[in-house]
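Peer 1: Protein chains in written order, with the numbering used here: chain A, 1 to 265; chain B, 1 to 397.
It should be emphasised that the hints constitute simulated quantities derived from the structure, not laboratory data. Backbone N, C-alpha and C define an ideal beta-carbon position, used for all residues, glycine too. Heads up, a few of these hints could be off.
Which residues of chain B face chain A? A few of them, derived with a C-beta cut under 7 angstroms, are [claimed, not checked]:
#	residue
1	Gly-16
2	Pro-20
3	Glu-21
4	Thr-182
5	Val-184
6	Asp-294
7	Pro-366
8	Leu-368
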Amino acid sequence: MSRIQSTFQRLAERREKALIAYVMAGDPTLEDTEDYVLQLAQAGADVIELGVPFSDPIADGPVIQQAAERALRSGTTLKKILATVRSLRAKTQIPLVLMAYYNSIFRYGEAAFCRDAVSAGVDGLIVPDMPPEEAGTIHPLAEAAGLDVIFLLAPTSTAKRETAVARLSRGFIYYVSLTGITGAKLTDKADVEKKVREIRGYAKTPVAVGFGIATPDDARAVARIADGVIVGSALVKLIAEGGHAAVTDRLSSFTRSLKASMLSA
Amino acid sequence: MMQLPDARGRFGAFGGRYVPETLIPALDELAREYEKARRDPKFKAEMDSYLRQYVGRPTPLYYAERLTKKLGGARIYLKREDLCHTGAHKINNTIGQALLTCRMGKKRVIAETGAGQHGVAVATVAALFGLRCEVYMGTEDMERQALNVFRMRLLGTTVTAVHAGSRTLKDAISEAMRDWTTNVRTTHYILGSVLGAHPYPMMIRDFQSVIGRETRKQILQAEGRLPDYLVACVGGGSNSIGMFTAFLKDKKVKMVGVEAGGLGIESGKHAARFATGSVGVLHGTMTYLLQDDDGQIQLTHSVSAGLDYAAVGPEHAFYKERERISYTYATDEEAMAAFDLLCRTEGLMPALEPSHAVAHVMKLAPKLKRSQVIVINLSGRGDKDVHQVARIKGVSL
C-alpha cells in the first residue's frame, strides 16, 4: 500500500478527512520550501502537494502563476525539486505529491522521471494538462515504479469520463470544484456534493476536492462532502507575503485552523 | 488527403489534447459539431456564401512580372490573401468558427491575438454574427499594435490586456485558455492558428485549405501545370498549411515554410522552432518548441508579431519529420529588405509575416530556371505594420 493510500485509510478509520496542502516548490527558494513543508506537516496537513513551476501554467490563476515565476527566478528545476524531496524524506514520512505540467515531465523523460521520483521519495503525481487520453505512456511506467498517478475530474466531466478516471486514478481522485482556474471562488457547494457522490459510486478510491477552498469554513463544508480537502492558493498567498519566520508562523496557524475546522465537520 | 489527424488528434507523434479535464468535454462537443457541419451541405453553402460575398473570395493569383524580372529566375506568383476582408487570411478561419459557435448555441467568443490580425478577424465576425467578444492581448503587443487594438474596440470587442509572463502572444493564449476553462459552458474559443488541442489544428487547416484549392485551380489555368515551389511563412502555420494541403500528394511540388529568424539564430533571439527547437508540449499540443533543458518555454523574438511564438503547429512537425515540407528561416533584416522590394517593384505592401516568405524567394528564385514557377502565399497586407516599419527605419510619424 502506498503512503497516500495508507494515509487515507488511517484517517478513514478515525473518521477524519485529509487536509492536502499545496505549496509551489522553490517559492521563493527550495530551502524555504523544505522548511514550509515540515511546518505544514507538523501543523496538521496530511498530504503535501508540491507544485513544479512552469513558465506557462494554463490551469493556474495569478497567485500560483506568480509563485511559479518566483520559483523560476530562484533557479528551481525539476531535478532540484527531487533533491529537496530526498532531503525531506529523511525528516518526514508525510505523503508527497508533485503537481507538474506535462512538458516538465516529458522533457525530463517519463521513464527517468518515474524512476527518479520514486527513488527520491515522491508518492504521487498530478498533471493538470494530462487527461487520461494522454497518459498512455506514463501510466504503465508509474504503476511499475510504484508512483500513484492522480487524475482530475471536473464539473463538466461526463459519466463516462468519471468511470474511466475513477478506474485509472491511484491514491485519490482530484475533483476540481468549479469550472475555472486555481484561486477562483467556490460558490456552488451543492453541485460539488452531487458530483462527489456520483464519483464515489464508481470507485472506492478516495475523492479529494480542490480549487476555490480558501477559508476554514470552506474546508469544513468540503470535508463534509469529500475524503480530502485541497488548499493551494490561500497558502501560496501567505508565502507571497514574505519573511521566512513570519511565513512559517502564518502557515502553521492557518493550517491548524483549517484542520480544526475540518475536524468539527 | 484529409485522413490526418487520427481519432486522437495525432499527426504521427504530434498533436493530441494536453488540456485540463474541464475542457475535454468542450473539445469533444466542438469536434462532434464540426464533423456534423462538415457533412452538412447547408453549412458548406453558408460558408461558401460568406467567403464569396463577405471575405471577397476567390482571391487572385497574381503573376508578379516585375519581381520576376528583378530576381531573374523562376516565374513568381503571389496568392493575394492580402485582399481578404480585414487584410489577411485569418478571416477564412474566423468565419468558419463563428458559424460553428452559432450552431453550438453559444453567444460569446474569446480569442488571443499577437499582431492583432486574428483579433480583428474575430472582432469582425463577432459583429457580423451578433456575438459578444473578448480578445486577450499581451501588453507588449498592445503597444506594438495600437492601431489594431483600436480597430477591435471600434468593432465592439473588449480587448483585455495580459500582464503575465512575457506579455506577448504566448501569454495571451494562456489567458484565453483560462477564460475558456472558466466560461466553457457559454463561450467558444476561436483559436487563430493550427495550434492547440484537437480538433483545432485539423479544423483550422480545413477552413484555411480554401487557399490551396483556389491556388491549384488558378495556377493550372495560368501555367497549364503545377508550380515547382510553394513558399509561405510559418508562425503557428495556418496560412502555409492552408496553401500546402491541396498539393501534398503532388510529389513534384516542393514546399517551403519560412520561420522567423529574428536577429539571427546565433543571437538566440528568434522564433525558428525547427532550426533549434525540440519536441515538447505547449498550449495543448505536442510539437516542436523553443524550450530550455528544464522544459521552460523560451522567449522568442521577431520583427513580426504574427511569427513571434515558441511553438509551431503539430501537422508541420509531422511533415518536417516526413521531409515532405522543408523549413528555413529569414531574419528581421531579410524580411525588411523583402518588404521594401515588394513595395517598390510591385506596389504591394506586404505584412511583415509574408515578407519572410518573400525574403526566402529572393534567395531561391535566382537559382531556378525561367521555366520554373514559384507561388508565394501573400498572407496579409502591411497596413498594420506601417508604424512598426517607421520605427525600424527611424522615422517618426
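Peer 1: State for each hint whether it applies.
Peer 2: Hint-by-hint comparison with the structure:
Given hint, B/Gly-16 at the interface with chain A, holds; its Cβ is 6 angstroms from that chain's nearest Cβ, closer than 7 angstroms. Interface hint status for B/Pro-20: upheld, as the beta-carbon distance to the closest one in chain A is roughly 5 angstroms, under 7 angstroms. Interface hint at B/Glu-21: satisfied, since its Cβ lies 5 angstroms from the closest Cβ of chain A, which is below the 7 angstroms cut-off. Against a cut-off of 7 angstroms between C-beta atoms, the interface hint on B/Thr-182 holds, since the closest Cβ of chain A lies about 4 angstroms away.
Taking 7 angstroms as the C-beta contact cut-off toward chain A, the hint placing B/Val-184 at the interface holds, the least distance being around 6 angstroms. For B/Asp-294, the interface hint holds, since its Cβ comes within 7 angstroms of a Cβ in chain A; the closest pair sits about 4 angstroms apart. For B/Pro-366, the suggested interface contact is broken, since its CB lies about 41 angstroms from the closest CB of chain A, more than 7 angstroms. Proximity of B/Leu-368 to chain A is violated relative to the hint, the smallest CB-CB distance being about 41 angstroms (cut-off 7 angstroms).
Of the numbered hints stated above, those contradicted by the structure are hints 7, 8, listed in ascending order.
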